[in-house]
Structures are given as structure tokens and as C-alpha cells.
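Starting from the known structure of chain C, arrange chain L on it as the hints suggest.
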Amino acid sequence: MRETIFSVIGPVMIGPSSSHTAGVARLGKISRHILDREPEYAEIYFFHSLAETLRGHGSDRAVIGGILGFDSADEKLPESLELAGERGLEFTLKKGEERGAHPNSLLIKLESSGETVEVFGSSRGGGNILVEKINGFDVSLEGRYNALWILHLDRPGLVAEIASLLAAGGINIAFMRLQRSQPRGMASLVVECDQHPGERIQEDISRIKFVESCRIIPPVR
Amino acid sequence: MKRDWTFQSWLETAREKSVSPGEVVLQKEIEETGTTRENILEELSLRLEVMKKSLKRGLSREDISPGGMLKDEGQRLQEYFSRETSLTGAGAIKAAIYAIAIGRENAGMGRIVALPTGGAAGIVPGVLLSLAEKKELGEEELQRGLLIAAGAGMVVGEKMEMSGAAGGCQAECGVAAGMAAAGGMALLGGEGEQAFEAFALACKNLLGLTCDPVGGLVEVPCVKRNGFAAVQALLAVDLVRGGLHSVIPPDEIVDAMAETAGLLPGSLKETARAGLARTKTGLKLMENRDD
Numbered sequence: 000m001r002e003t004i005f006s007v008i009g010p011v012m013i014g015p016s017s018s019h020t021a022g023v024a025r026l027g028k029i030s031r032h033i034l035d036r037e038p039e040y041a042e043i044y045f046f047h048s049l050a051e052t053l054r055g056h057g058s059d060r061a062v063i064g065g066i067l068g069f070d071s072a073d074e075k076l077p078e079s080l081e082l083a084g085e086r087g088l089e090f091t092l093k094k095g096e097e098r099g100a101h102p103n104s105l106l107i108k109l110e111s112s113g114e115t116v117e118v119f120g121s122s123r124g125g126g127n128i129l130v131e132k133i134n135g136f137d138v139s140l141e142g143r144y145n146a147l148w149i150l151h152l153d154r155p156g157l158v159a160e161i162a163s164l165l166a167a168g169g170i171n172i173a174f175m176r177l178q179r180s181q182p183r184g185m186a187s188l189v190v191e192c193d194q195h196p197g198e199r200i201q202e203d204i205s206r207i208k209f210v211e212s213c214r215i216i217p218p219v220r
Numbered sequence: 000m001k002r003d004w005t006f007q008s009w010l011e012t013a014r015e016k017s018v019s020p021g022e023v024v025l026q027k028e029i030e031e032t033g034t035t036r037e038n039i040l041e042e043l044s045l046r047l048e049v050m051k052k053s054l055k056r057g058l059s060r061e062d063i064s065p066g067g068m069l070k071d072e073g074q075r076l077q078e079y080f081s082r083e084t085s086l087t088g089a090g091a092i093k094a095a096i097y098a099i100a101i102g103r104e105n106a107g108m109g110r111i112v113a114l115p116t117g118g119a120a121g122i123v124p125g126v127l128l129s130l131a132e133k134k135e136l137g138e139e140e141l142q143r144g145l146l147i148a149a150g151a152g153m154v155v156g157e158k159m160e161m162s163g164a165a166g167g168c169q170a171e172c173g174v175a176a177g178m179a180a181a182g183g184m185a186l187l188g189g190e191g192e193q194a195f196e197a198f199a200l201a202c203k204n205l206l207g208l209t210c211d212p213v214g215g216l217v218e219v220p221c222v223k224r225n226g227f228a229a230v231q232a233l234l235a236v237d238l239v240r241g242g243l244h245s246v247i248p249p250d251e252i253v254d255a256m257a258e259t260a261g262l263l264p265g266s267l268k269e270t271a272r273a274g275l276a277r278t279k280t281g282l283k284l285m286e287n288r289d290d
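Here the protein sequences come in this chain order: C and L. So in numbering that gives the first Met the number 0, spot 160 of the first sequence is number 159, and the numbers just go up one at a time. So in numbering that gives the first Met the number 0, spot 198 of the second sequence is number 197, and the numbers just go up one at a time.
Just so you know, the hints here were simulated from the structure itself, not pulled from any lab data. We put the beta carbon where it would ideally sit given N, CA and C, even for glycine. This list has only true hints and no planted wrong ones.
Simulated coverage check for chain L against chain C, where a stretch passes if three residues somewhere in it have a Cβ under 8 Å from a Cβ of chain C:
{"#": "1", "stretch": "101-111"}
{"#": "2", "stretch": "140-150"}
{"#": "3", "stretch": "268-278"}
To give a feel for the contact side, a few chain L residues facing chain C, derived at Cβ under 10 Å:
{"#": "4", "residue": "Val155"}
{"#": "5", "residue": "Met161"}
{"#": "6", "residue": "Met178"}
Below, in silico cross-link-like pairs of lysine-lysine (DSSO-like), each with a Cα-Cα straight-line distance of 30 Å or less:
{"#": "7", "chain 1": "C", "residue 1": "Lys94", "chain 2": "L", "residue 2": "Lys279"}
{"#": "8", "chain 1": "C", "residue 1": "Lys93", "chain 2": "L", "residue 2": "Lys279"}
{"#": "9", "chain 1": "L", "residue 1": "Lys223", "chain 2": "C", "residue 2": "Lys75"}
{"#": "10", "chain 1": "L", "residue 1": "Lys223", "chain 2": "L", "residue 2": "Lys203"}
Excised from the complex, chain C in its bound form (with noise of 0.2 Å):
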């Protein structure tokens, strides 16, 4: 997790946690990133550690702050609840219980016209953070890459069509996870890459058959 020095000479970041103020930033940021629009409304579970410090760490701000595109060294960042009305965000910031979790965890859903996203993850120390979870699918983001999310139907070949379609483009895939609801069902792939794939290879894969969304997750600061 630590292969680049910056990682421990950095985050340049927002005080006063690591853990607790620039890696909550992230993870809101990547969720917005992951809704792909202006988020309308947001409900965010905390747990364990951050939840018992939250408001002194600043994990409140942090994560309105990265919900509203902030990056943890912005330093609107100590404003991001006030900021969060003018922007039209609602937000609801609640303690939840979560057995067995990492002890930074915490749930982020958002929602923007009818469209809503559940993520899960945790901040790892020095403001390094990992999705686990998106709408329920086991995935494995460090924000550090450009990534696409892809949501499909179990379909033989389609894993080979999009890595086709990217190798085209001359987009190197760094990382990948795949997992499926059920045989046949519905599947979330996750590529993570070493370029940005660009819109046009969004758009390609959007109209694969059997492809039902396909989202660029940008890497978060």
C-alpha cells in the first residue's frame, strides 16, 4: 500500500487526522465520483473509531467536504457544512454498528434524481483509503488509479470484449475485479488503469450487449 515515498511524506492535507479528516475526504470524494453528478442528497454511517471521534477530527466536514468535490488539502475543506447549503446538498451524518469492520469504516449513500449509490470503505492510515463495497458488490479501490465501473449481465466473452475494446485504445489495465450476484445475474467489474481510458471508450463499452452502466472513477487527492 506504501510502494511511493509521498505516501508517508504526505498527504499534503487539511488538519487534524490523517485517518479521520484526509481519508474520510476521499472516500466522499470518490462516492461522488462513483454517483457521477452533482449529488442532491447524502446519508453517511460512521463507525467504530470514527465514530466515537467524529466531529473533533473534523470527519464531518471532511466528508461533506469530499461529497461536494473538495480534495483533502482544499481549504474550503473546514467549511464544507456550511458550503454543502449553498451547493443544494442535504445530508444526514449518523453512528452505525458494524461488526467485524475495519475500525475507519464508514457508509456513504448518495443520491441525485431518482439515481443512488451505497459505498463502503475505510481510510487506512495517513489519509490512504480502500472501497469495499459498492451497491453491496465487493470491490477493491485505492482511488490512486483511474478506474471504470462497470455493471453487467453474467454473459460469456464480456470480460473479453471490454478488455478488447480497451487494448485498443492502448489503455493498459493495472487491476481488475469481477464479481457476480448470482449465475446469469447481475456482475460489477472493476478496472483499474494505468491511463485515463476516455470518453469514447466509456461510451464503446456503455453499448456492449448486456452492459448495463459504465462509470469513470477518477483517482482522488
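What follows is chain L alone, placed relative to chain C:
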């Protein structure tokens, strides 16, 4: 085959390639991220700039912190010791003041460089910036010091998560003190074994340190602890310079820390459920807060 990143493999790589340990870190970074040497050094300078700015702001801050427990610590100390002589010595008090000022800036939701975390952000710059002033060292030496500090931090990162919630304060201020000691030793020209010895001595002394801040805020004891840890890092450098060494090798100290992290109870890992957070005064201070 890719080697595990340990103090031992780091030193062996330096010997095999006949390059300095700082150069090993730089080459590793180039290899693993695909960035150029120039970009890495530029990024290090940018982060040094952020550290200097947070120091400056922390030294002039006089507002009341979000938790109400801090105010003008950096400014007050600097003012006093510009007139009075410190018992710990000019170098030690300066490192402590710098570390406390950056810690104060962090507590006030100011912009800082996590090193390796926000709660411990004052320790490495406190030691390196004060030492560089004292010895009149420039950008290049500071970059070198940061590379060694980062290499040491990454050894820990391979074995455990560096956060109070996962490992207690030993994983934040403990690791930062070790990184600062290694970086400080490097600034004085001892970037190999001597730096690792300094890391070992500083880190070892903070094993088992709990994370129990009042109200869960990064205020008490965190900000002053940054000052204490910076002085310990300097002492570690002095002990190594004076010919002492760590009986337990640095890699084994990291193993011990990772083991201790698992054994520390959750109540003492950034949950405000025990220790200082549950003292009479600690509870009273938080009584009128709504979280």
C-alpha cells in the same frame, strides 16, 4: 524477484549497487512509480514548502482551537525562548517549538504534510528544519534527509498500518520520531547504518504508546507530544553520534511494534474510550460538546 523493503535489504541494495541509501530510495521511487528523478525532487521541494508554510502559520497562530484546549502555543514558546535560555539546549528547544507549532496548525484544520500522519506531522519537519537552520544546510540536504526518513517510514508501512486507530500512538508519533531521527542523522552525513540506528533508538523508546486523546481530538496530548518526540529524535541522533547502538536491530523493533499494535486494546486506539480521554478533567472538558 522483488525484495521485501526492510532496513537490511535497503542496506544490502546500497552495497550491491555501490550507491548511497538515499539514492536507493530515489531509484526505488523512480522504478515503482514511473516518475522521473526531477519530478520526485521537485515534489519533495513542494512538500518542504508546505511544511515551512505550516510552521510559519503555526508560529503566529493565536486563535482558539476547535476543541478549545489550544491557543498560541507556538508563538508563546518562541517569544519566551527568544529572551531566555532553554535547559534542554538551543537545538532541542527549537525543534520542539517547531514541532509544536506545526502540530498546533494541524489541530486548527490548517494545511500540513502528514508525516506519516496528521497527528504526528510536526516531528519530522521540527527536527529537519531546525537542524538545517542550525547547520546552515540547503534544499539538497533537506531532500536527502526526507528520502531517508521516508525510506524508514516505508519499512514500517510494509508491516503495519500507521494510524492511531490501528496501532496506537506508537504507530504515529513513535514512527515519526524514528523517521525524524533517521532523517536528522542523514543531514549530518550518516545516512546508512547510523541513520537506521538512530531510527531504532527513537522508535524503540516509544513502543506501546497509546492513542487516547481528550475528546478524540488531535489536541491533548498530541500537540505537545510532537515537541517531546522531536527532542527524543535529536537525542537518538546524539546517542548514535556518541557511539551507542541499539541492541535490538531496527527491523526487529518494527516487528515488535506491529505485534504490540495488535495487542493494544481498542479502547486505547483512537476511540476516546480510556486513558486520558476518560480522566475527570478530560471528560469535563468535553461535557458541553455535542459529540
